[in-house]
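K.L.:
Read off the chains here:
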Amino acid sequence: MVAEARTYTRSLARRRRALYISSPIGLGHAQRDVAIADELRKLHPDLQIDWLAQHPVTAVLETRGEHIHPLSDELASESAHITAESSGHDLNAFQAIRRMDEILVNNFMVFQDAVEEGEYDIVVGDEAWDVDHYLHEHPELKRTAFAWMTDFVGWLPMPEGGDREAYLTADYNAEMIEHVERFPRVRDRAIFVGEPDDIVPDDFGPGLPQIRDWTEQHYQFSGYITGFDPTPLIEGRDALRRELGYRPDERVVVVTVGGSGVGEPLLRRVIASYPEAARRVNGLRMIVVAGPRIDPASLGATPGVEVRAYVPNLYQHLAACDLAVVQGGLTTTMELAAARRPFLYFPLRNHFEQNRHVRQRLARYGAGRYMDYDASPREVIAQAIAEEIDRPVDYRPVESDGAARAAALIAPLI
Amino acid sequence: MRCGGGPMGTVLAPDVQPVDTTRARRPDASGFIGRDGVRVFWERYGDGSPTVLLMPTWSIFHSRHWKLQIPYLSRLFRVVTFDGRGNGRSDRPAESDAYADTEYVADALAVLDAIGTDQAVVVGLSMGAGYALRLAAEHPDRILGAVFIGASVPILDRPSLEPEIQVDPSFGEPQTDDPDWGKYNADYWRRDFPGFAAWFVGEKIFTEPHSTKPIEDGVGWTLQTDADTLVTVEYGAYMWPPGDWERVPGEGRAIPFARRVRCPALVIHGDDDHISRLAVGERLARELRAPLLTIAGGGHAPQARWPVIVNRAIRDFIRSLPEASNDGR
Chain A
1 MVAEARTYTR
11 SLARRRRALY
21 ISSPIGLGHA
31 QRDVAIADEL
41 RKLHPDLQID
51 WLAQHPVTAV
61 LETRGEHIHP
71 LSDELASESA
81 HITAESSGHD
91 LNAFQAIRRM
101 DEILVNNFMV
111 FQDAVEEGEY
121 DIVVGDEAWD
131 VDHYLHEHPE
141 LKRTAFAWMT
151 DFVGWLPMPE
161 GGDREAYLTA
171 DYNAEMIEHV
181 ERFPRVRDRA
191 IFVGEPDDIV
201 PDDFGPGLPQ
211 IRDWTEQHYQ
221 FSGYITGFDP
231 TPLIEGRDAL
241 RRELGYRPDE
251 RVVVVTVGGS
261 GVGEPLLRRV
271 IASYPEAARR
281 VNGLRMIVVA
291 GPRIDPASLG
301 ATPGVEVRAY
311 VPNLYQHLAA
321 CDLAVVQGGL
331 TTTMELAAAR
341 RPFLYFPLRN
351 HFEQNRHVRQ
361 RLARYGAGRY
371 MDYDASPREV
381 IAQAIAEEID
391 RPVDYRPVES
401 DGAARAAALI
411 APLI
Chain U
1 MRCGGGPMGT
11 VLAPDVQPVD
21 TTRARRPDAS
31 GFIGRDGVRV
41 FWERYGDGSP
51 TVLLMPTWSI
61 FHSRHWKLQI
71 PYLSRLFRVV
81 TFDGRGNGRS
91 DRPAESDAYA
101 DTEYVADALA
111 VLDAIGTDQA
121 VVVGLSMGAG
131 YALRLAAEHP
141 DRILGAVFIG
151 ASVPILDRPS
161 LEPEIQVDPS
171 FGEPQTDDPD
181 WGKYNADYWR
191 RDFPGFAAWF
201 VGEKIFTEPH
211 STKPIEDGVG
221 WTLQTDADTL
231 VTVEYGAYMW
241 PPGDWERVPG
251 EGRAIPFARR
261 VRCPALVIHG
271 DDDHISRLAV
281 GERLARELRA
291 PLLTIAGGGH
301 APQARWPVIV
311 NRAIRDFIRS
321 LPEASNDGR
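Protein chains in written order, with our numbering: chain A, 1 to 414; chain U, 1 to 329.
Bound conformation, chain A alone (with noise of 0.2 Å):
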């Protein structure tokens, strides 16, 4: 009986291995995750590719019959901490994750067990914030190459926090900042998913750089990456709309919120302005979509708006709509903006990434119309409804060469 068994493979006799982390916050990192390893998958063959990852984003996973490190179960959810963090149509963002310490610490806690237990090539971390910030605290904890990816670079404070939240993101941007700058051997790859012109006009803080300046000399850029392409759903939007059922002389609103419970009054006020909306717009039908947090019925009947618990295939929803109505999330939004739809979006209050990194992505490419929810009553709702169903769509094209550009970025490291 051999009391304690250990096998060491002789390195050109390795397989190619990489451990993905792929952020669970926001619950759109999955779709551009695996179209980044679809995409390394081409490059390097014989690419085995372990995830460590958690709901929702083993749900995409599964799917895909993708290979689940088994200390995934070991994680601490980051998802239930960010919902518990919200509340009606709030969610400070910034503090919310800065009172996820203890969620990430034992989360890199587990990344390491799992890189220490792997012979891996590379980690890559997708807003793995986790990873990222300790590897920094502790660069002698590094065994791998590293890709760091990210769509923001910046904590960016909101009026409500005051100077308190000035002073903090500040601190932290500083650090990071620090960080960054004096152990540079820790990102091997850092990766913005988009643009130069993306980024934010601000500086990180006072007397800190600009962020765009700082972003542009230590990041390489894939450009937007939607993990789908959208040619067929355009193409194709006539068809769509008859094998989703959606008449010609329908003019559709898709009303969404995502798979978190935040969102409850946006649905509940979109819902309101129904009445209203319909008298300005012939033929309009609304399809709200509660999700699975969300009880329909506590949404209450409104004659002419269907509310649904749960849609398969909700891109197809938004790509055959005549107008979506959204949060403020980069995922959706993008989504949106690349099958060349209209849509109204109502980003969080305090939500710093909705308000202002991802505000500043949509007007670049001329997506969308921004909402205040608070200065957005039901009738000035039904208003923007009436006004953007019919605004002839002229965004910038989003870009579909993105997952192939970060992986290209990434595979020279395995």
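Hint data in this document are derived by calculation from the structure and do not stem from the laboratory.
There could be a bad hint or two in this list.
[To be verified] Reference listing, derived: stretches of chain A covered by chain U, where coverage requires no fewer than 3 residues with Cβ under 8 Å from a Cβ of chain U:
| hint | region |
| --- | --- |
| 1 | 94-104 |
| 2 | 134-142 |
| 3 | 281-294 |
[As the list claims (entries may be wrong)] Among chain U residues calculated to face chain A with C-beta under 7 Å, some are:
| hint | residue |
| --- | --- |
| 4 | Leu68 |
| 5 | Tyr72 |
| 6 | His210 |
| 7 | Lys213 |
| 8 | Pro242 |
| 9 | Val308 |
Where is the CB? At the ideal position from N, CA and C, for every residue including glycine.
Fit chain U to the known structure of chain A by using the hints.
P.N.:
Coordinates of chain U only, in the frame set by chain A:
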């Protein structure tokens, strides 16, 4: 509310709340032990082996000061914590005698009994290191190993042979406006407890840059107790050897405890500790014949500011114990 004089105090004070947001790990069991009418709240996590007892510290903090250790250690071992008397969900008795280190040691034994644990590895921070030291010295049959972090124990030689006192008389007298250690004063605590919390946690415990979150946590925990309780705690007997133990004149009174410890030990200490200087950790390690892990550039609470390194050090220490070599993953 404005706390303290530094920029950190000004900035951190307004929003300091005793928040307990989503935990990374929930306890598997919890309860109270009662001794002499004082109730003490404990929590147990995980089912590995051995048991790791994370001791309470001075009553400015409660057991959440281990929040960055519990999730990791409970994956490997069985972890038990309890709120020390004077904070958290434990009682706040009105008599100083109830805050003697012997009471914390007795609470620890009662908690171990309550969860059915004969032996544990004990880990203590600051004054909690003193409680852990007394526990290990007096109850060697219950303690497999001991980790002392930022130990705040009277172990250095005393320059004079005058009778030793625990609390300087000036502590209880109204102070003038010494902006620094003048704030370690009963009168000041009663006048401006938040100011004391911001100064002590924000300027003395965490000396490292970019420590806003642990400072905010620490101030929040401190504000869960109050000045009168903390003054009462201050007069609780701490680290007085039993009268029948042999002592060398001039030696710190923690030394007889350290010399009685039979289990393996580890000392972790920051070299920028403004509460208990590194010399204390060095002397403790020497007396224990234990390894010393110095956190260079580190302050008084490395478990909160450098959790990754501390977690790994505790793990490696426990795995090195002969009794535990085949336990834990």
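K.L.:
Take the hints in turn and mark each one as holding or not.
P.N.:
Hint check:
1. With 6 residues having a Cβ less than 8 Å from any Cβ of chain U, the region 94-104 of chain A passes the three-residue criterion, so the hint holds.
2. Look at the region 134-142 of chain A against chain U: 4 of its residues bring a Cβ nearer than 8 Å to a Cβ of that chain, three or more, so the hint holds.
3. Here's how the region 281-294 of chain A fares: 0 of its residues keep a CB closer than 8 Å to some CB of chain U, so the rule of at least three is not met and the hint is violated.
4. Hint status for Leu68/U relative to chain A: holds, with the closest Cβ pair at about 5 Å, below 7 Å.
5. Interface restraint check for Tyr72/U: the shortest CB-CB distance to chain A comes to about 4 Å, inside 7 Å, so the restraint holds.
6. About 4 Å separates the beta-carbon of His210/U from the nearest beta-carbon of chain A, less than 7 Å, and the hint is met.
7. A cut of 7 Å between beta carbons decides the hint on Lys213/U: the least distance to chain A is about 5 Å, and the hint holds.
8. Taking 7 Å as the C-beta cut-off, the interface hint given for Pro242/U is violated, the closest approach to chain A being about 40 Å.
9. With a least beta-carbon distance of about 5 Å to chain A, the hint placing Val308/U at the interface is held under the 7 Å criterion.
The structure does not agree with the numbered hints 3, 8 stated previously, though it agrees with the rest.
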